[in-house]
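*Asks:* Starting from the known structure of chain A, fit chain B onto it as the hints suggest.
Each chain is listed here by its residues.
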Amino acid sequence: MNQMLIPGGVETLPGLKRVESTNKQVMGGLMADITHAVYPHDQIYGDYCPIQSYINCPPEKVFEYMSNPYCLLEWTYSMRKFEAVSGDGLFLGKDRIGDNTDIYFRVKSNKDALTVDYHCAWDQGDDLWMIYLNRIVPAEMVLKKPGSVIFWQNCRHAYYDNNPYQDKAPKGRPWVGQFWDFFYAGHMVELENLKTILEYRHLNNLPIGPYLN
Amino acid sequence: MSISLIDIEELMPEKIITNDYFGEEEIRRTNRMFSGTDERRHIGRDELASDYLSSAALKLIARLGINPASDIDMIVTNVSIPDEPFTGCGAVINKKISANAKWVFDIHNTGCISFLYLTDLVHTYMQVNKVRHALICVAQTAAGRIFGQEDTRQMAQAAIPGDGFAVVYVTNNSERPFLTFEFENYPEFSEDMKSACNGRHWWESRESSGSIDFNENKAAMIIGRGNKTVPKMIKKVCANLDLNHTQIDYLITNQPNVNFLRNWREAISLPAERQLHTFDKYANLFGAAIPVNLATFVKNKTIKAGDLVCLAGFSHACDYSAAALIRWT
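Heads up: the sequence lines are chains A and B, in that order. Quick note, the first sequence lines up with residues 0 to 212 if you use numbering that gives the first Met the number 0. Quick note, the second sequence lines up with residues 0 to 328 if you use numbering that gives the first Met the number 0.
Just chain A, with the same shape it has in the complex (with noise of 0.2 Å):
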């Protein structure tokens, strides 16, 4: 069955670019307008921060991995010394970006979807604001090759700007917020980190980890 639009349904909306609005000599243009040779990190990297790397290791390997809350102390720059706050997945670690700066998190995963999240914040656990969103897709899929691809977001949250529990921070402590021009390079130095673990094992068939005592 030939599946039609209701007429009116979309037509009307101004600013769609649609074949049946604009011809593709007009989107052409468009393209070639929108198009550039560079792009200004602020535009790129300003209000999100999107990273993604090929890992060689296989999807359910790196899920298995990175759903364990206890991996952040392997790959991470910064995070360590964690304890568990409640029975329902709160954590509490330092982390050494700050001087003695507590780092809340929470680990929220899906095994259908390969999505791991980390929700975490500084100082406080009650509001974890600043969410890791990450995606590993299998990479036969994508890229016709075994292993992994991982998606990382961030988005620019209005927290980083403007911290609103500054009665919790240590005196005279940066506000992470102060980094986030920093995110995009510091990002990929953690993701190469988390390649570098994963390969290695996995290349080896060594257990996955992460390796605690």
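Quick caveat, the hints were computed from the structure, so don't treat them as lab data. Watch out, some of these pointers could steer you wrong.
[Stated by the list, open to error] In silico DSS-like cross-links for lysine-lysine, where the CA-CA straight-line distance does not exceed 25 Å:
id, chain 1, residue 1, chain 2, residue 2
1, B, K280, A, K167
2, B, K280, B, K300
3, B, K217, A, K170
4, A, K170, B, K193
*Replies:* Just chain B now, with coordinates in the frame of chain A:
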């Protein structure tokens, strides 16, 4: 009415300081914010910015065959660490070169982009017919005066500043006009660069030398601001003349470190050979970078008649930024 850059002269301190003079070698080797220099110049302890600037001005006067008593109506200066805290050095230059400028201003702010702000100030006086000819003097003295001290030279950041001086003679005619300017200031960033004196105020007596508080926690933000504002200002001046930024022949900016130089060049897709800087041998010249580099590359004939030169930069923690275009004739 146009403001024309008639002639330009740079003068560098004789004292060459090599990298081994500074401490924290490991940091300087591994952190690109503190590397990229082979040497830099330091003003001597008993030397004066007003002497350097006067010497450069006298060279210009001789070369142009002008009469300092009648052909200089205005002197404006920016000296990063002034010879004297109260009186500035514009008046002293006026005296040392036997000039008789009626308007003399020592502008203390706008740091690394002060040359363009000073030019705009002179231009404004020209537009109301108060000034026909002026000397614009920019001096960077913070390297020797702050980072040449025994205690401060041990810091990695001490290797980055270098001293230098430049003087520009401008006239209100259309001989070699500045084609367009753009200026922006950001009050919200005005308190992000401070002096550091171990808990004392800079005017109070203390046992250690003062320095600049290079706050690592603010580094990400300042890099982000500089990466954003300088390309934006370059594109604005180009748009003013209906030009694409790829039509710039040479780009000269302030030169805070190798990363900013790379980022600004990349941001406007400029080949490396069309970015003119002296970072490796003169280091961070603060406000003097733009006129010193312009003078250096005019003198060595890199910049030739017909070249479109873009001058751009930002100051301090990004409180001021500006750009200008000039076609060399």
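*Asks:* Please write out, lowest number first, the hints stated earlier that are contradicted by the structure.
*Replies:* Hint 1 is the one this structure does not satisfy, whereas the remaining hints hold.
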